[in-house]
Every structure is written in structure tokens, then in C-alpha cells.
Amino acid sequence: MLKMLARTGTGSGGSNAWVLQRISGLLLVVALFLHYLFLHFLNGGDVTWNEVTTRLASPLFKTIDLIFLVSVLFHAGQGLVINIHDYIHRPAPRVILVSLAWLLMIVLLITGTVTIVTLEPGFLQEMQMGQAAGVIDAIQSQGVAL
Amino acid sequence: MPKRTFKIFRFNPETDSKPSYKTYDVECEGWWTVLDALNEIKWFVDGTVTYRRSCRHGICGSCAMMINGKNDLACELQIKTLKGTITVDPLPGFEIYRDLAVNMDPFYAALKRVKPWLINNDPYPSKERIQSPEEFKLMGDSIACILCAACTSSCPSFWSDEQYLGPAALLKAYRYTFDTRDKGLGDRIDALDNKHGLWRCHKITNCYHACPKHLNPTEQISKLQRRIIEEKM
Chain A
1 MLKMLARTGT GSGGSNAWVL QRISGLLLVV ALFLHYLFLH FLNGGDVTWN EVTTRLASPL
61 FKTIDLIFLV SVLFHAGQGL VINIHDYIHR PAPRVILVSL AWLLMIVLLI TGTVTIVTLE
121 PGFLQEMQMG QAAGVIDAIQ SQGVAL
Chain B
1 MPKRTFKIFR FNPETDSKPS YKTYDVECEG WWTVLDALNE IKWFVDGTVT YRRSCRHGIC
61 GSCAMMINGK NDLACELQIK TLKGTITVDP LPGFEIYRDL AVNMDPFYAA LKRVKPWLIN
121 NDPYPSKERI QSPEEFKLMG DSIACILCAA CTSSCPSFWS DEQYLGPAAL LKAYRYTFDT
181 RDKGLGDRID ALDNKHGLWR CHKITNCYHA CPKHLNPTEQ ISKLQRRIIE EKM
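Chains as they are written, first to last, in the numbering used here: chain A, 1 to 146; chain B, 1 to 233.
Treat the hints with care, since some could be wrong.
[To be verified] Example chain B residues on the side facing chain A (calculated, C-beta under 10 Å, incomplete): (1) G61; (2) S157; (3) D161; (4) L192; (5) D193; (6) H202; (7) E231.
[To be verified] Under 10 Å between C-beta atoms, here's a sample of chain A residues computed to sit facing chain B: (8) W18; (9) V19; (10) H85; (11) A92; (12) I96; (13) D137.
FYI, nobody ran anything at the bench for these hints, they're computed from the structure. Where a beta carbon is used, it is the ideal one built from N, C-alpha and C, also for glycine.
Produce the entire structure from the sequences given, and follow the hints as far as they go.
Below you can see the structure in the form of C-alpha cells.
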């Protein structure tokens with residue numbers, strides 16, 4: 001049973017896995033290009049929280065980011081598993097490490113998806129302003145004139 | 001005759017707890033190959049040195065071994081091309097029977113898995129299955145493989161995965177897949193298209209550097225991968 005499990009891991013590990021690895025790699029190149037284009041060139045190099053969150057909160061960018069997230073996690077997960085298969089020869093540690101690698105990818109996928117889906121524009125700014133207002137109130141309540 | 005020093009790997013699993021090297025000084029003729037020196041040692045100095053040999057002119061593939069850290073045929077490698085002490089090890093990645101003789105069973109088992117014979121269930125033609133010179137060229141130089149295992153034994157993917165087919169078996173699969181008379185890809189695809197088959201190759205190219213016949217298994221494996229993808233699309 002353990003031996004059988006140890007041979008699993010990347011699904012078939014055959015041509016399907018190979019093709020998917022290439023496709024996800026290609027998507028990463030495109031996503032990285034878009035990232036640089038939008039973040040560092042099209043906005044004149046002015047990277048502020050407000051601008052970035054406003055852009056990232058649009059449905060188009062949320063979709064791009066989700067595709068980016070899935071590609072990067074699949075690509076990284078598969079790469080990790082291939083390395084584990086190359087270097088870990090005993091069935092038990094191999095099964096454990098492969099399971100851990102995919103578990104890590106699933107956890108990252110969930111947290112990443114939640115972050116992307118719930119992202120709202122200018123969130124930090126509101127929070128900072130709220131905090132600042134609270135601080136000002138506190139100072140004023142001490143009788144200090146600002 | 002110049003005297004050359006040979007450092008030979010010695011291990012007898014029945015009596016030795018671990019392997020060791022034994023050094024022999026041999027007076028060599030200028031035209032000698034490493035195999036000539038090994039014969040000199042075995043026949044006149046130490047009869048217990050064990051190695052495989054047969055044809056002694058680079059056709060049978062029996063005398064593949066690691067010479068100065070590189071897999072080669074002992075019968076083809078001239079001593080005058082090597083500098084200093086000549087270290088001779090068995091092919092890496094295989095179980096050692098004794099000294100330089102290794103257990104080649106995994107190599108032949110992998111070869112058998114790719115069905116290295118012509119598969120064609122069409123009715124026999126009246127004369128022969130004609131192949132044009134252009135069709136013949138599709139197979140490239142893969143037909144020149146002598147199955148010495150220098151490539152497979154130099155492959156780190158083979159060292160790490162005992163189930164891996166290895167470059168020699170994959171080259172043989174290439175040879176039949178690109179033979180226009182062969183129709184057996186469907187029969188071979190299960191052995192090829194899994195993680196112990198074609199896709200375990202990480203293009204390290206050790207096989208290319210090790211091949212005493214100057215073949216390029218890495219390139220042929222890439223072509224075979226493309227063919228399998230096309231077949232599945």
C-alpha cells in the first residue's frame with residue numbers, strides 16, 4: 001500500500017503533468033510581465049497603497065490574480081514534488097513529504113483566494129484615517145490644543 | 001614501454017565489508033587501450049581482478065566502465081589519451097557483483113518494458129517493407145546504440161529512481177517509434193508516458209557526454225516527448 005502510494009504524487013506524472021507545468025510556467029511569464037507593466041511603467045512609477053488596491057480590487061485584476069495564484073501554486077507544488085521524487089527514495093518519507101507539499105499548496109491557495117476575493121480599494125487608508133481620528137480625539141480629550 | 005599506474009576498484013561482496021582500491025603498475029605499449037592493460041593485469045599480475053569483456057572493438061558493449069570519472073568503453077579508450085594515474089570504477093548506479101562487473105538486470109528489464117522489437121500487425125507484404133532513405137534518416141543515429149549502458153549508468157535520474165527507463169531504453173523506444181515500418185507506439189505508450197518513463201528525464205545530458213558512440217539520447221528523448229504529446233493531442 002505504502003509502495004503504491006509512493007508511486008503516486010503528480011497524478012500520472014506523465015505527459016499531462018508535463019504539459020500543465022509548461023502551461024502554468026507560460027502563464028507565470030505573462031503574469032509577471034503584466035505585473036511589471038502595470039505596477040512600474042503604466043502609472044509613472046508611483047506605487048502607493050491607494051492606487052494598487054484600487055486597481056487590484058477591480059474584477060478584471062481579481063480574475064488575473066486568481067489565475068496567477070493557481071498557476072504559481074500548481075507550478076511550485078509540482079516542482080517540489082518532482083524534487084522530492086528525485087531525492088527521497090524511501091516510500092514512507094516520500095509519501096509524507098509529497099502530502100505535506102500539496103497540503104501547503106492548498107493552504108496557500110485558500111488564504112490567497114480569500115485575500116484576493118475580499119480585497120477592497122483604499123482599505124488601509126480608511127483604517128489609518130480612522131486610527132488617526134481616534135488618536136486626535138484621545139489627545140484632545142486630554143485638554144491639549146492642536 | 002612506459003609504465004602507467006592503474007587504480008582499480010575492488011569489491012567482493014562475499015568477503016569484503018567495504019570496497020577498496022588496489023593499485024597496479026603496468027608497462028603499456030603506446031597503442032594499448034584500457035582493456036589491454038586490464039587484460040595484462042588479469043593474465044599476468046592478479047587473476048582475481050574481475051571485469052566483463054568480449055569483442056574488444058567497441059561493438060558488444062560489455063566493457064563499459066567508469067574510467068577517470070567518465071563512463072566509457074575500456075576497449076576503445078586509448079591509454080595515451082589519459083594523464084597520470086588511471087582510475088577504473090564499475091558503472092555507477094548498479095549493484096556490484098564483483099570488482100568491475102555489475103548486475104545489469106535493471107537495465108535489461110527497462111529495455112524490455114519499451115518492447116524493443118518491430119511491432120506491425122498489418123498483413124505481410126509480398127516482398128518486404130520498403131523504407132526510403134529519407135524515412136531511414138528519421139531514426140537518426142539511434143540505430144548505432146550498442147547497449148553498453150554507459151548512458152543509463154551516468155544518469156542521475158536513473159540513480160534516484162530504480163523504476164526509471166533510462167536513456168538507453170528511451171533511445172531504443174525512439175528508434176522504433178520513428179521507424180516508419182513500426183506501428184507499435186500504442187503498445188509502448190504505457191511504459192513511456194509516466195513519471196518513470198519519458199518524463200523523468202530532466203535533460204541533464206550526462207548520457208550525451210557518456211555515450212562512447214557519440215549518440216545524443218537527450219535530443220532523441222525530447223523528440224519522443226514531442227511525439228507523445230502530439231499523439232495525445
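These are the hints, each one checked on the structure:
{"no.": "1", "hint": "G61", "in the structure": "27 Å, violated"}
{"no.": "2", "hint": "S157", "in the structure": "7 Å, holds"}
{"no.": "3", "hint": "D161", "in the structure": "7 Å, holds"}
{"no.": "4", "hint": "L192", "in the structure": "8 Å, holds"}
{"no.": "5", "hint": "D193", "in the structure": "4 Å, holds"}
{"no.": "6", "hint": "H202", "in the structure": "8 Å, holds"}
{"no.": "7", "hint": "E231", "in the structure": "9 Å, holds"}
{"no.": "8", "hint": "W18", "in the structure": "5 Å, holds"}
{"no.": "9", "hint": "V19", "in the structure": "7 Å, holds"}
{"no.": "10", "hint": "H85", "in the structure": "7 Å, holds"}
{"no.": "11", "hint": "A92", "in the structure": "16 Å, violated"}
{"no.": "12", "hint": "I96", "in the structure": "18 Å, violated"}
{"no.": "13", "hint": "D137", "in the structure": "63 Å, violated"}
In summary, the structure is inconsistent with hints 1, 11, 12, 13 from the numbered list given earlier, while agreeing with the others.
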